[in-house]
Amino acid sequence: MSEINKQYPQKKGLLVKQNEAGFVLVNDNGKSYATNEVIRDIWQLSDGTKSVDSIIQVTKSHHQSASVEAIESIFVKLSMADLISL
Numbered sequence: 024m025s026e027i028n029k030q031y032p033q034k035k036g037l038l039v040k041q042n043e044a045g046f047v048l049v050n051d052n053g054k055s056y057a058t059n060e061v062i063r064d065i066w067q068l069s070d071g072t073k074s075v076d077s078i079i080q081v082t083k084s085h086h087q088s089a090s091v092e093a094i095e096s097i098f099v100k101l102s103m104a105d106l107i108s109l
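Its first residue numbered 24, the sequence shown is counted upward by one per residue in this note's numbering.
Any given hint could be a false lead.
Cβ pair distances, simulated, as ranges [what the hints assert, rightly or not]: (1) Q80 with K100: 26 to 32 Å; (2) V99 with T72: 17 to 23 Å; (3) S77 with N42: 25 to 31 Å; (4) R63 with E92: 18 to 24 Å.
In silico BS3-like links for lysine-lysine, alpha-carbon gap of 25 Å or less [to be verified]: (5) K100 with K29; (6) K100 with K34; (7) K29 with K40; (8) K40 with K100; (9) K35 with K54.
These are calculated hints, taken from the structure and not from any lab test.
From the three backbone atoms N, C-alpha and C, an ideal C-beta is built for every residue, glycine too.
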């Protein structure tokens, strides 16, 4: 298990757009990021009360094609985009 899996991520920013093309997350600095359903779900589950490991399990149950490595990578990218704090 990676060190990241022990963290309790807290989402930051806003989900500002949902349409047939996807989702847009905007960080507190106003920078926007186009995302997909998996990323949106991970961001929404990041409420500070769930560990990365538990969010991975929930995400895999809803999106069977998502690998643990890919989901862990999403957490890192969301953190780098200032959309979650780890």
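Right, here's what the structure says about each hint:
1. Distance hint check for Q80 and K100: the Cβ-Cβ separation is about 20 Å, which falls outside the suggested range of 26 to 32 Å.
2. Distance hint check: the CB atoms of V99 and T72 are about 20 Å apart, consistent with the given range 17 to 23 Å.
3. In this structure, S77 and N42 meet the distance hint of 25 to 31 Å, their C-beta atoms being roughly 29 Å apart.
4. A hinted range of 18 to 24 Å for the beta carbons of R63 and E92 is consistent with their spacing of about 19 Å.
5. A hinted pair counts as satisfied when its Cα atoms are at most 25 Å apart, and K100 with K29 qualifies at roughly 17 Å.
6. Pair hint K100 plus K34 holds up; C-alpha atoms about 13 Å apart against a cutoff of 25 Å.
7. With a C-alpha separation of about 30 Å, the suggested pair K29 and K40 falls outside the 25 Å cut-off, and the hint is violated.
8. In summary, the hint linking K40 to K100 is supported, as the alpha carbons are separated by about 19 Å, within the 25 Å threshold.
9. Restraint check for K35 and K54: satisfied, since their Cα atoms lie roughly 12 Å apart, inside the 25 Å limit.
The earlier numbered hints that this structure contradicts are 1 and 7.
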